[in-house]
Amino acid sequence: MSDFENDYRHAKPGQSGPGIVDYLDLETKDQTYLDATELVLNMGPQHPSTHGVLRVILKLDGEKVLGTECVIGYLHRGVEKIAENRTYAMFNPYVDRMDYVAAVSNGLGYCEAVEKLLNAEAPPRAQYIRVILTELCRIASHQVWLGTHALDIGALTPLFYCFRDREEILKIFEKYCGARLTTHAFRIGGCIYEAYDGFEQDCLKFCEHFLPKLNEYEELLTTNRIWVRRTKGVGILKPEDCIALGVTGPVLRASGVKWDLRKAQPYEAYKNFEFEIPTGVNGDTYDRYLVRIEEMRQSVRIIRQAVEGLPTGPIMAKIPKVLKPPVGEIYHSIEAPKGELGYFIVSDGSTQPYRVRVRPPSFVNLQALDKMVRGLLVADVVAVIGTLDIVLGEVDR
Amino acid sequence: MLDAITNYLHSNATPGEAGSMLWATIYILIIVIGISLAVIAMNWLERKILAHMQIRLGPMRVGPHGLLQPFADALKLLIKEDIIPENADKLVFWSAPVVVTMTAFTTFLVVPFGREHAVTDMNIGILFMLGVSSLGVLGIIMAGWSSNSHYPLMGSLRSSAQMVSYEIAMGLAIVCAVLMTSLQTGTGTLSMIGIVEAQAQQQTWFIFKMFPLGFLAFAIFAIAMVAETNRAPFDLPEAESELVAGFHTEYSGFRWSLFFLAEYAAMLAVSSIAVTLWLGGWMRPFPNWLNGGAWGLAFSFFPALTLFVLAGLCLLGAVRMPKIPQMKIQTAGLTMFGLLLGFIGLVLLAPGVRERVQDIYWFVVKVAFFMYLYIWYRGTFPRYRFDQLMKVGWKVLLPTGLGVLIATALWGLMPQISSSVARGLGVLP
Amino acid sequence: MSLSPLIRKILLVDLVKGLKVTFKYQPPSEAVTEQYPLERPVIYERYRGQPRLKVDPESGHSMCIVCNLCALACPEQLIVVKGERNPVTKRKEPVSWSYDLSRCMFCGLCAEACSTGALELSQDYEMALYSREGMVLDQAALERGPEPVQYVK
Amino acid sequence: MPDESKDPKPISPESSAPASAAEAGTPTASTPKSAEPVKTSAAPATADSASNPAAPTSEGKPAAPAAAAKPTAPPAKPTPKPEGPKPEPWDSDLVRKLKAQYGSGIKEASTYVGQKYLVVDSSIVYEILLRMHDDELFDYCVDITAVHYPKREQQFDVVYVLYSFHNNERVRVKTQIQEGETLRSAFSIWPTANWLEREVFDMFGISFDEHPGLKRILLPDGWKGHPLRKDYPILQQDQEWVQINLGIESGQ
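So the sequences go chain by chain: A, B, C and D.
Residue numbering for the first sequence follows the working numbering, starting at 1 and increasing by one per position.
Residue numbering for the second sequence follows the working numbering, starting at 398 and increasing by one per position.
Residue numbering for the third sequence follows the working numbering, starting at 827 and increasing by one per position.
Residue numbering for the fourth sequence follows the working numbering, starting at 980 and increasing by one per position.
Bear in mind the hints are in silico, worked out from the structure with no lab data behind them.
Since the model is a prediction, treat every value here as computed from it, not as a measurement.
Glycine included, each C-beta is placed from N, C-alpha and C at the ideal position.
One or more of the hints may lead you astray.
In silico SDA-like links for lysine to any residue, alpha-carbon gap of 20 Å or less [stated by the list, open to error]:
(1) C:Lys850 with A:Glu216
(2) D:Lys1095 with A:Arg55
(3) A:Lys81 with D:Leu1214
(4) A:Lys321 with C:Ser830
(5) D:Lys1095 with A:Lys81
(6) D:Lys1194 with A:Glu69
(7) A:Lys175 with A:Lys205
(8) A:Lys64 with B:Lys788
(9) C:Lys843 with A:Lys81
(10) D:Lys1194 with A:Arg55
(11) B:Lys720 with C:Leu864
(12) A:Lys175 with A:Cys207
(13) C:Lys843 with A:Arg229
Covered stretches of chain A, as calculated for chain C (at least 3 residues, CB under 8 Å) [claimed, not checked]:
(14) 87 to 96
(15) 173 to 182
(16) 210 to 223
Please construct the entire structure, taking both the sequences and the accompanying hints into account.
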């Protein structure tokens, strides 16, 4: 297996493309691909462990994976085309439907991007409420990841413990904005719902109720020899490959790159909270597991600081009822649970955005699947898809 | 004709030994029905216990607390259409489940539920059980091969490799136990009833014999038996996440339920081997330490006691059932079930019955404990990858098995070795 | 008790810890299942469920003044309101309402845009129906709220 | 398995544009028209900063009270809306170096609301990207996307968003290309460009040469047309695909 990066690094401008064909093109190859030894296995799109409608074509030599090709687009709903026919406020609910597991952070990204276009700033109280809800949504997203990831590797029970604790978060969302999953909690310019009276107590009760439960997840998995053997050294991604493939989020941090948009380019009220960024050492599935578990603890820390420091005051900035942002374009990105979620919005001065481009973390992280999975076994492909934590609603948009 | 029937009742030998074919068939029928009942109970227990471990309630709708769920499943499987894939190998496809179920049931021929409660007492009992249970692999390969599609093929190849490699570890552990039977009498025995009697003579269960070794052999067997039946951490062949459903993907309806039946029967068989060899088969705990008449009497009440406890649980459940019209039938059903259990408990109190049922009860309780272990493993452990599974089998269990075997042999021969060494050194004449 | 890692490995300490956790959660009191038709979930006050058109208690007329702001605000354009001026009260009365529930995503923008607070999302979540046409609610259905349809063979 | 609803629910023109919103007093918020929003102002400012952006802020907005949320500001007469932020020229040693070397190639280098971007001629974009990657340590290509301006003579804007971990800086490099013009693929600089460029090809029809496998990524292979173009006929395209493959009249 020729090494990946020295191929493309030395591709001289004249030379046609890198040495190895990175993209596995089955049909148009001249020599027939399917000699006797290879078995082409079609995993998905209705496969129990592909986290939605992802189809992975595996080229197997016995159990070993020679190469993969991801076929996506089964859940493509044309969100960017919808955006061009809706006003800025109307497009807000559609954003929740992309990464439906972490809907709140999608909404936060979109509202902040439009606020940057409008040159408006959410008032401090709204910023704090937004940070609390986004961190709760990060914990909920990591819990769904842990549950399904453990289920793919065979441990049936963590899923139910994760979902029981996630229920508390969904109750807080329901009390706050009326919906559990596609919350549509924020509006452009701040929050529309005032924090309901038991809000602080519920968040604090969740925080100290959740930490011992998190230790139980660790007791079930972290030292379990079968779990360690199934995840250590599987799907290794070196830091320079991560950066080259544009991988972001916990996958990047597990490879040792200490980079988190909440610290690198702080947005909202993240600058006045202190929390660490957990990083891994050798970038395998076990490190990604540890990084995400530690991230949940850091989120609890942030929520505690935010709830204590919740300022009083208005929750909605002064913006016109009919939004007509000035002509121009901006790119704004936030640290979603899966990685860097970016919005590139071009406005032509009318009430409807001229172009909204969403940079989804899962779409770019999924590209790294082929590099991580070469030479592993079929059972590991399932573990690697789980550790990438992709959500197909976001991959296909 | 009549005395042919009655004279067996006076002899205290197994029907096979006593040569009365009639009673042997009756025993076989009892065992087959017993196993099916056990599988039905196991189906319900597995779903409920696994559910409660996962903080959910499990089946609650079909009958009170889901008690009729196994019957509903069985009915569904019988009614469901039995599809044979179109270019599957018809004969092999049809016969695979038959082979698997046949092997699973024949192993119960030699399982000793009591001193004389076994279909027959072969002198090569344990060897027979191992041989027949390894035939099950053949059925699985036939099933995988004849379904003519990727996933079953990979599933069946995997499970055959797994079973073969864990049978060796099982064999070694069993040889250690058989070695221990020869300590007192000088000649070991392969017959299951003989092994239990050897434990009775040596007045200790083999699990506690020569402390670390007996337990180690038992531990090796416990791990190997879980792998043998493709369960819990080793359930790779039907790992849902990769191979969709392993070797029985293409089966449906009654044929699939045969596989299901065979899997549970194999679990029961392998646990009964473990119970017979290491946990003293039908012997009640502390047979000689607490052997006074009073203790004997006290222990003999245990069967009735457990049934009364179960009946109490059912009645408690019925009382706590919500008082709404839809639930009326379910409460009635549960109370009836509770009363039935109570009645059986009463029957077991009768002195005549109490002695006879003693052995069977203790054997069944020990096997039930193993069944609970299976479910507990399934609820907790992730799944081994295939190569790791083979590594554990070959690189961990096999060497320790050999080590334990050699150590048991040395320990057993210690008196002779020391005397011959002493004679060699001239200490003894 | 810190045993050396080797002994912990041999005595399967890590596996036993996992077993302990699952054993602890066995009693039925830990179960969180909610048996739906008998035990109903707790619905909170701000829940966004089936839209409801409020009726002015004294006069019995609908509070909707056909200002059409909700139809404008809805991203899916699924509200169509027609009304005409009632000569007596000089107020506009809604004549025909059509709210296509099958395309509604319960985002709540219509309730926010409604100037008189007539249209709001209620806490009903049982909206199952047997016909797609039944999903298009008219004024009466909006005012009455959902009646779950009993399945009849 | 044909993909389910490929296109968003098109806004059927007859259901929108309510009859009379006049007497409600609020100006007719421009109702979402059919797929092709009529652009009132000339090409948006970013294309050519010469023509000042015709800020279409209609003054006639009375101080209508804020929406149902608590009226935050007292209904004083809002001061005339401040003119939107202008892209100011951005001057740094990077820009000077590039201008020194490529001169007219760099059409514009300015910041808008604090975000730096370069507008570069399409012929030299590959070298600039390679330089940005090797010399300026922009080692993370965040995103590659395109914007379609049918009225302009160079129809497409291809946007590269770059970020450098080293000096925590984000820059956007934009080029303008005609219909049918191709660009050199950035795959040999950043492998992440593989799928990003495939999506731009899928949605806009801009092809990149030397791309390892330029094929549609989100839409089925036989799909005709590129959806994110402004002149993309939603209704006709949707029915055609459904009629051919499913044989039913229309997907709606």
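Structure-based check of all given hints:
The straight-line distance between the Cα atoms of Lys850 (chain C) and Glu216 (chain A) is roughly 11 Å, inside the 20 Å bound, and the hint therefore holds. Proposed proximity of Lys1095 (chain D) and Arg55 (chain A) is contradicted: the alpha carbons are some 39 Å apart, above 20 Å. The hinted pair formed by Lys81 (chain A) and Leu1214 (chain D) meets the criterion: a straight-line CA distance of about 13 Å does not exceed 20 Å. The hinted pair formed by Lys321 (chain A) and Ser830 (chain C) fails the criterion: a straight-line CA distance of about 67 Å is larger than 20 Å.
Under the criterion of a C-alpha separation no larger than 20 Å, the hint pairing Lys1095 (chain D) with Lys81 (chain A) is inconsistent with the structure, at around 26 Å. Between Lys1194 (chain D) and Glu69 (chain A) the CA atoms are separated by roughly 12 Å; this keeps the pair inside 20 Å, and the hint holds. Taken as a hint, the Lys175 (chain A) and Lys205 (chain A) pair is honoured in the structure, with Cα atoms around 15 Å apart against an allowance of 20 Å. Between Lys64 (chain A) and Lys788 (chain B), the direct Cα distance comes to roughly 17 Å. Compliance with the 20 Å bound is thereby established for this hinted pair.
A C-alpha spacing of about 52 Å is found between Lys843 (chain C) and Lys81 (chain A), which places the hinted pair above 20 Å, so the restraint is violated. Using a Cα cut-off of 20 Å, the hinted pair Lys1194 (chain D) and Arg55 (chain A) holds, with the two alpha carbons roughly 16 Å apart. Annotation: proposed proximity of Lys720 (chain B) to Leu864 (chain C) holds, straight-line Cα distance about 11 Å (limit 20 Å). For the suggested pair Lys175 (chain A) and Cys207 (chain A), the alpha carbons sit about 17 Å apart, so the restraint of at most 20 Å is met.
For the hint pairing Lys843 (chain C) with Arg229 (chain A), the CA-to-CA distance comes to about 17 Å; that is within 20 Å, so the pair holds. Only residues whose beta carbon comes within less than 8 Å of a beta carbon in chain C count, and the segment 87 to 96 of chain A has 6; three or more means the coverage holds. Interface restraint, the segment 173 to 182 of chain A with chain C: holds (7 residues with C-beta to C-beta distance below 8 Å; minimum three). Closer than 8 Å: that is the beta-carbon criterion, and the segment 210 to 223 of chain A has 5 residues meeting it against chain C, so the requirement of 3 holds.
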